[in-house]
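Keeping their order, the protein sequence lines are chains A and B. Mapping of the first sequence onto our numbering: position 200 corresponds to residue 200, and the numbering continues sequentially without gaps. Mapping of the second sequence onto our numbering: position 11 corresponds to residue 11, and the numbering continues sequentially without gaps.
I should point out that these hints are in silico values taken from the structure, not numbers from a laboratory. Take these hints with a grain of salt, some might be off.
Any copy will do: because identical chains look the same in the list, a pair fits if it lies in one copy or spans two.
Mimicking EDC-like on lysine to aspartate or glutamate, the simulated pairs with C-alpha atoms at most 20 Å apart in a straight line are [unchecked claim]:
1) Lys110 with Glu11
2) Lys216 with Asp31
3) Lys48 with Asp17
4) Lys75 with Glu11
5) Lys12 with Glu247
6) Lys12 with Asp198
7) Lys78 with Asp109
8) Lys231 with Glu173
9) Lys216 with Glu324
10) Lys45 with Asp304
11) Lys78 with Glu275
12) Lys78 with Asp34
13) Lys75 with Asp200
14) Lys48 with Asp261
Number of protein chains: 2
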Amino acid sequence: MTTTPLNQLLEKMFAGDARALARLMTLVERDGADVGTILQAISPKLGKAFTIGITGPPGAGKSSLVDQLTTLLRKAGKTVGIIGIDPSSPFTGGALLGDRIRMTQHFLDKGVFIRSMATRGSHGGLSRATKDVIKLMDAAGHDYVLVETVGVGQTELDVMGATDTVIVALVPEAGDGVQVMKAGLMEIADIFVVNKADRDGAPRMQTELALMLELKYSARHPEPGDPPMWKIPVLPTQAVNNIGIRELFQAIEEHHRFLQDTGELVRKRKTRRREELLSRVEYEARRRLTTRAQTDPALAQLLDAVSEGTTDAYSASMQILGSEVFRTA
Amino acid sequence: MTTTPLNQLLEKMFAGDARALARLMTLVERDGADVGTILQAISPKLGKAFTIGITGPPGAGKSSLVDQLTTLLRKAGKTVGIIGIDPSSPFTGGALLGDRIRMTQHFLDKGVFIRSMATRGSHGGLSRATKDVIKLMDAAGHDYVLVETVGVGQTELDVMGATDTVIVALVPEAGDGVQVMKAGLMEIADIFVVNKADRDGAPRMQTELALMLELKYSARHPEPGDPPMWKIPVLPTQAVNNIGIRELFQAIEEHHRFLQDTGELVRKRKTRRREELLSRVEYEARRRLTTRAQTDPALAQLLDAVSEGTTDAYSASMQILGSEVFRTA
Numbered sequence: 001m002t003t004t005p006l007n008q009l010l011e012k013m014f015a016g017d018a019r020a021l022a023r024l025m026t027l028v029e030r031d032g033a034d035v036g037t038i039l040q041a042i043s044p045k046l047g048k049a050f051t052i053g054i055t056g057p058p059g060a061g062k063s064s065l066v067d068q069l070t071t072l073l074r075k076a077g078k079t080v081g082i083i084g085i086d087p088s089s090p091f092t093g094g095a096l097l098g099d100r101i102r103m104t105q106h107f108l109d110k111g112v113f114i115r116s117m118a119t120r121g122s123h124g125g126l127s128r129a130t131k132d133v134i135k136l137m138d139a140a141g142h143d144y145v146l147v148e149t150v151g152v153g154q155t156e157l158d159v160m161g162a163t164d165t166v167i168v169a170l171v172p173e174a175g176d177g178v179q180v181m182k183a184g185l186m187e188i189a190d191i192f193v194v195n196k197a198d199r200d201g202a203p204r205m206q207t208e209l210a211l212m213l214e215l216k217y218s219a220r221h222p223e224p225g226d227p228p229m230w231k232i233p234v235l236p237t238q239a240v241n242n243i244g245i246r247e248l249f250q251a252i253e254e255h256h257r258f259l260q261d262t263g264e265l266v267r268k269r270k271t272r273r274r275e276e277l278l279s280r281v282e283y284e285a286r287r288r289l290t291t292r293a294q295t296d297p298a299l300a301q302l303l304d305a306v307s308e309g310t311t312d313a314y315s316a317s318m319q320i321l322g323s324e325v326f327r328t329a
Numbered sequence: 001m002t003t004t005p006l007n008q009l010l011e012k013m014f015a016g017d018a019r020a021l022a023r024l025m026t027l028v029e030r031d032g033a034d035v036g037t038i039l040q041a042i043s044p045k046l047g048k049a050f051t052i053g054i055t056g057p058p059g060a061g062k063s064s065l066v067d068q069l070t071t072l073l074r075k076a077g078k079t080v081g082i083i084g085i086d087p088s089s090p091f092t093g094g095a096l097l098g099d100r101i102r103m104t105q106h107f108l109d110k111g112v113f114i115r116s117m118a119t120r121g122s123h124g125g126l127s128r129a130t131k132d133v134i135k136l137m138d139a140a141g142h143d144y145v146l147v148e149t150v151g152v153g154q155t156e157l158d159v160m161g162a163t164d165t166v167i168v169a170l171v172p173e174a175g176d177g178v179q180v181m182k183a184g185l186m187e188i189a190d191i192f193v194v195n196k197a198d199r200d201g202a203p204r205m206q207t208e209l210a211l212m213l214e215l216k217y218s219a220r221h222p223e224p225g226d227p228p229m230w231k232i233p234v235l236p237t238q239a240v241n242n243i244g245i246r247e248l249f250q251a252i253e254e255h256h257r258f259l260q261d262t263g264e265l266v267r268k269r270k271t272r273r274r275e276e277l278l279s280r281v282e283y284e285a286r287r288r289l290t291t292r293a294q295t296d297p298a299l300a301q302l303l304d305a306v307s308e309g310t311t312d313a314y315s316a317s318m319q320i321l322g323s324e325v326f327r328t329a
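If we strip away everything but chain A, and leave its shape as in the complex, we get:
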């Protein structure tokens, strides 16, 4: 890799250079000293892309949905960034990439940028990195950013929280409605999709989801000043056959308009930026602490005492927070 200066990389990326974008993503993933400069530089360019999260259990056909939505968006002349979060696995680091082979049609399309991210070896690192990669997609001028995650782990929920519209994809086999609630999907969905809608059990699942949503709405006691309510649609699709995709996109657009008209988009993004700051502070506090312990014998000794159980973690944390540990990067 030649060492193009960072400002040149950034300029190229703003000018639409995909390779510069890819390299900036790598820098952001590595979380090196460049990250600050990159994030500061792209900050004024942010907020133009509309971001869509797609989540659900394995086998729900999320990649097909992303594929078809991308085709539709491209036909409408929109540029698309796609981020796939691969679940961690000790053997098949790139299991999901197989699913994405059918995305090949988009690989040659300059209006589509695809990035896979692995979940391994991160402690909050992946969700931080993913959010920064979403920003880079935005700063590079993509009209839409689609983020695909599997399941409902903390990382996935966290990443979904960084998107404007969340689509939860289910399949009839995913089990009854109670499991959906348990999995915490109910709380994050803006749009439900029952994919593989030609299968047995699909209409029942649709009805159940709709009933559960009705239950949720009727349990509400709206107060003056409450945020306006979005009625979550439940849509049948057959992504592999391109059935229901247009209706799904219409629902996405309706949700987008709802967010804009009610001021929710502004509010959501404000909350998100604040949360990003808090996470970044946590992350950086941990990083500085562990880095500094490598060169500061007193701090290393304190950490050892906690490891050995001779000092309790609470007292040690108070001592650390009251010290100068975080003052220098």
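With chain A's structure known, arrange chain B on it following the hints.
This is chain B only, laid out in the frame that chain A set:
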């Protein structure tokens, strides 16, 4: 609630008073000003309990396994603490409690202490609180602490990481082995249980899991100095009929001996205490920052600027970490 002084509560708890233990748990969950005193006071008493985590998908029969293991441990004269983590749900806050009704037999047993914890409204708060509740169970003198979680979210993985032996319970319906890997369960299991082993597909699932484990072992290239390897057993059980429970407990004891004989127990617990410190520092940094923003106009202004998008989160975090924000609780 009368206001028994904290030191009296602690003394009662050390003397085996269950109500004092319950009240200390509530204090720890609330994360008020008392937490530090409590954690410091119990610190010298820790490390005597052996902790067992039990996780797996909904419907795998985890509560039945906990129930049967508890009966077996009680017959052996051991005291047992049980912690159940309830998945969050907007409607059925106590869904899992229903499952625990069959635990009623243990409610009247003074050698068993049961605590349910809810996942709602936490940002890392639940896993912190759960770990502190495990400690209280330990400090109160329980021989075994059983922790039951559902699924493999970050919180659940985090909580499992705080136990000595992790049992992953699956049922034939849980899907094929690939899904197991994807879900990240493979990486945390010390013992696999295929529960409801009388059902169709159970033997196939057992074989598949065993094969996947063989694959994992054969992919290893052990180096001198590598930690010794534990061979993960795959055990069939029918928890509701009390079949296979004795064999499961034997496997738990074997794992316990393995951990002791190889020094892994000491190593694991050291790592765990260090990680606990780092999490506590993160958690406390966030808490102090948000608390202080309520009374410090300059800080509030900085947070607002980040919310509005006029200052980027990265620069703001650097500014905050370089300041005095964390110095005072």
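Structure-based check of each hint:
no.: 1; hint: Lys110 with Glu11; result: within (18 Å within a copy, 69 Å between copies)
no.: 2; hint: Lys216 with Asp31; result: neither (41 Å within a copy, 30 Å between copies)
no.: 3; hint: Lys48 with Asp17; result: within (18 Å within a copy, 59 Å between copies)
no.: 4; hint: Lys75 with Glu11; result: neither (28 Å within a copy, 71 Å between copies)
no.: 5; hint: Lys12 with Glu247; result: neither (37 Å within a copy, 63 Å between copies)
no.: 6; hint: Lys12 with Asp198; result: neither (46 Å within a copy, 62 Å between copies)
no.: 7; hint: Lys78 with Asp109; result: within (12 Å within a copy, 65 Å between copies)
no.: 8; hint: Lys231 with Glu173; result: neither (25 Å within a copy, 33 Å between copies)
no.: 9; hint: Lys216 with Glu324; result: neither (49 Å within a copy, 45 Å between copies)
no.: 10; hint: Lys45 with Asp304; result: between (45 Å within a copy, 19 Å between copies)
no.: 11; hint: Lys78 with Glu275; result: neither (29 Å within a copy, 45 Å between copies)
no.: 12; hint: Lys78 with Asp34; result: neither (30 Å within a copy, 55 Å between copies)
no.: 13; hint: Lys75 with Asp200; result: neither (32 Å within a copy, 48 Å between copies)
no.: 14; hint: Lys48 with Asp261; result: within (16 Å within a copy, 59 Å between copies)
Against the hints set out earlier in the document, violations occur for numbers 2, 4, 5, 6, 8, 9, 11, 12, 13.
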